[in-house]
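A.B. asks: Following the hints, position chain B against chain A.
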Amino acid sequence: MKKLLLGCALLLLNSMISYGQGTSLDEQAGNFLRESGKLYVVITILVTIFAGIVIFLIFQERKISKLEKNLKDNEKP
Amino acid sequence: MSIKQTWWKILCVVLVTYTIIAGFLMPSPALPILHESIRNLYFHVPMWFGMTILLLISTIYSIRYLSNNNLVFDIYATAAARIGLLLGVLGIITGMQWARTTWGAWWTNDPKLMGAAVGLLIYLAYFVLRNSIDDIDRRAKVSAVFNIMAYAIFIPTIFIVPRLTDSLHPGNGGNPGFSAYDLDGGMRLVFYPAVLGWTLLGVWIMTLSARIRTMEVKLMAGKGIFHSSRPLSKILDSPVS
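Chains as they are written, first to last, in numbering that gives the first Met the number 0: chain A, 0 to 76; chain B, 0 to 240.
Calculated from the structure, these hints are not laboratory results.
A quick note: this is a predicted structure, and the numbers were derived from the prediction, not measured.
Even for Gly, the Cβ is constructed at its ideal location relative to N, Cα and C.
Warning: the hint list may mix true and false statements.
Cβ pair distances, simulated, as ranges [what the hints assert, rightly or not]:
{"id": "1", "chain 1": "B", "residue 1": "LEU10", "chain 2": "A", "residue 2": "LYS65", "range": "38 to 44 Å"}
{"id": "2", "chain 1": "B", "residue 1": "GLN96", "chain 2": "A", "residue 2": "VAL46", "range": "19 to 25 Å"}
{"id": "3", "chain 1": "A", "residue 1": "ASN73", "chain 2": "B", "residue 2": "SER36", "range": "50 to 56 Å"}
{"id": "4", "chain 1": "B", "residue 1": "ILE59", "chain 2": "A", "residue 2": "LYS65", "range": "28 to 34 Å"}
{"id": "5", "chain 1": "B", "residue 1": "GLY185", "chain 2": "A", "residue 2": "ASN73", "range": "50 to 56 Å"}
Below, simulated SDA-like cross-link-like pairs (lysine to any residue); rule was C-alpha separation at most 25 Å, straight line [said to hold, decoys possible]:
{"id": "6", "chain 1": "A", "residue 1": "LYS37", "chain 2": "B", "residue 2": "ALA21"}
{"id": "7", "chain 1": "B", "residue 1": "LYS3", "chain 2": "A", "residue 2": "ASP72"}
{"id": "8", "chain 1": "B", "residue 1": "LYS8", "chain 2": "A", "residue 2": "ASN73"}
{"id": "9", "chain 1": "A", "residue 1": "LYS71", "chain 2": "B", "residue 2": "ILE204"}
{"id": "10", "chain 1": "B", "residue 1": "LYS3", "chain 2": "A", "residue 2": "LYS37"}
{"id": "11", "chain 1": "A", "residue 1": "LYS71", "chain 2": "B", "residue 2": "ALA21"}
{"id": "12", "chain 1": "A", "residue 1": "LYS68", "chain 2": "B", "residue 2": "VAL202"}
{"id": "13", "chain 1": "A", "residue 1": "LYS37", "chain 2": "B", "residue 2": "LEU33"}
{"id": "14", "chain 1": "B", "residue 1": "LYS8", "chain 2": "A", "residue 2": "LEU66"}
{"id": "15", "chain 1": "B", "residue 1": "LYS217", "chain 2": "A", "residue 2": "ASN73"}
{"id": "16", "chain 1": "B", "residue 1": "LYS217", "chain 2": "A", "residue 2": "PHE58"}
{"id": "17", "chain 1": "B", "residue 1": "LYS3", "chain 2": "A", "residue 2": "VAL53"}
{"id": "18", "chain 1": "B", "residue 1": "LYS8", "chain 2": "B", "residue 2": "ILE211"}
{"id": "19", "chain 1": "B", "residue 1": "LYS8", "chain 2": "A", "residue 2": "GLU67"}
{"id": "20", "chain 1": "A", "residue 1": "LYS37", "chain 2": "B", "residue 2": "PRO26"}
{"id": "21", "chain 1": "A", "residue 1": "LYS68", "chain 2": "B", "residue 2": "THR206"}
{"id": "22", "chain 1": "B", "residue 1": "LYS3", "chain 2": "B", "residue 2": "ILE204"}
{"id": "23", "chain 1": "B", "residue 1": "LYS217", "chain 2": "A", "residue 2": "ARG61"}
{"id": "24", "chain 1": "A", "residue 1": "LYS71", "chain 2": "B", "residue 2": "SER208"}
{"id": "25", "chain 1": "A", "residue 1": "LYS68", "chain 2": "B", "residue 2": "ILE211"}
{"id": "26", "chain 1": "A", "residue 1": "LYS71", "chain 2": "B", "residue 2": "ASN69"}
{"id": "27", "chain 1": "B", "residue 1": "LYS3", "chain 2": "A", "residue 2": "SER64"}
{"id": "28", "chain 1": "B", "residue 1": "LYS8", "chain 2": "A", "residue 2": "THR47"}
{"id": "29", "chain 1": "A", "residue 1": "LYS68", "chain 2": "B", "residue 2": "ARG212"}
{"id": "30", "chain 1": "B", "residue 1": "LYS3", "chain 2": "A", "residue 2": "ILE52"}
{"id": "31", "chain 1": "B", "residue 1": "LYS217", "chain 2": "B", "residue 2": "ASN69"}
If we strip away everything but chain A, and leave its shape as in the complex, we get (with noise of 0.2 Å):
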């Protein structure tokens, strides 16, 4: 009788545990960070990619003002 109250309980415990991990995934969703989860790691790549794509975009920027400058030197005299 013992044994079967404590599977009881420890089955009601399972299914308390695994309903309240389910809902905290939802709670979870909008706290400030999952430090375990590695999101820094992705933010940190996507703000490489995008200084990379800048400064491509600085280095055309650059070549593109210096061609503008000599065509319109070519054009003078």
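C.D. replies: Positioned in the frame of chain A, the structure of chain B alone reads:
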């Protein structure tokens, strides 16, 4: 480069960087089905906002071209349409990826999606039309007229028609837009800077594209490749504001 010309490029970089960082770190409202994918709001939606704004810029340049026949305006109008189309293609691809996980299909024949596809096709047709005309003045004139009409069709197809019928897409056919959700989540704090940042990035790329094209036309005019009734060096020298 003076600060006067570069301040908005710096603003663009700051805003997009802020979008990427805050877009992931800010709390998101707990929503069914969407879950964390609501953060796509900072990346997918600004593509369409950016496209609409760039196409508006393109239309304004086309009107200005028709009013004074300055070829530089034609070049800027085309560059804006090109980058607008690029943002639209990115928007439709990101939308499909988002739809796969939330609606369960890459593509549904939803009014909003069809409207977006038709809008993209209109602007593809713009480039086909442009490149089929050899005379540089006629090309500019015909494509400017088409461009103005295209914008007048694009806005109803993408924003008005989907709202009149049933649609899965948020903000259409009785569905609430995200404004219904983001009131509590503080998502506006990231969303509005995201729209401005991505749009400025598009404008930046547009100016680079237009400047390359201007030089290209100047060089080609020197070699007499284009057919034009007027001397190009005179037409192209006026500055673009």
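A.B. asks: Please work out if LYS217 of chain B and ASN73 of chain A have their alpha carbons no farther apart than 25 Å.
C.D. replies: Distance ~12 Å between LYS217 of chain B and ASN73 of chain A Cα, so the pair holds.
A.B. asks: Against the 25 Å threshold, does the CA-CA distance of LYS68 of chain A and ILE211 of chain B hold or violate the hint?
C.D. replies: holds (12 Å)
A.B. asks: Would the pair LYS8 of chain B and ASN73 of chain A pass a check requiring their Cα atoms to be no farther apart than 25 Å?
C.D. replies: violated (29 Å)
A.B. asks: The hint says 38 to 44 Å between LEU10 of chain B and LYS65 of chain A; measuring C-beta to C-beta, is that right?
C.D. replies: violated (24 Å)
A.B. asks: Would you check the hint for LYS3 of chain B and ILE52 of chain A, treating anything up to 25 Å between C-alpha atoms as holding?
C.D. replies: Given that 25 Å is the threshold and the Cα spacing comes to 22 Å, the pair holds.
A.B. asks: So if I understand the rule, the pair passes when the alpha-carbon distance is 25 Å or less; does LYS68 of chain A with THR206 of chain B pass?
C.D. replies: holds (16 Å)
A.B. asks: Holds or violated: LYS68 of chain A with VAL202 of chain B, Cα cutoff 25 Å?
C.D. replies: holds (22 Å)
A.B. asks: Given the hinted pair LYS217 of chain B and ARG61 of chain A, is their alpha-carbon gap at most 25 Å?
C.D. replies: Satisfied, since the Cα-Cα distance of roughly 19 Å is no more than 25 Å.
A.B. asks: Verify the proposed pairing of LYS71 of chain A with ASN69 of chain B, using a straight-line Cα cut of 25 Å.
C.D. replies: holds (19 Å)
A.B. asks: Check whether the Cα positions of LYS71 of chain A and ILE204 of chain B lie no farther apart than 25 Å.
C.D. replies: holds (22 Å)
A.B. asks: Do the alpha carbons of LYS8 of chain B and THR47 of chain A lie within 25 Å of each other, as the hint requires?
C.D. replies: holds (18 Å)
A.B. asks: Quick one, are LYS37 of chain A and ALA21 of chain B close enough, alpha carbons at most 25 Å?
C.D. replies: holds (15 Å)
Against the hints set out earlier in the document, violations occur for numbers 1, 8, 10, 11.
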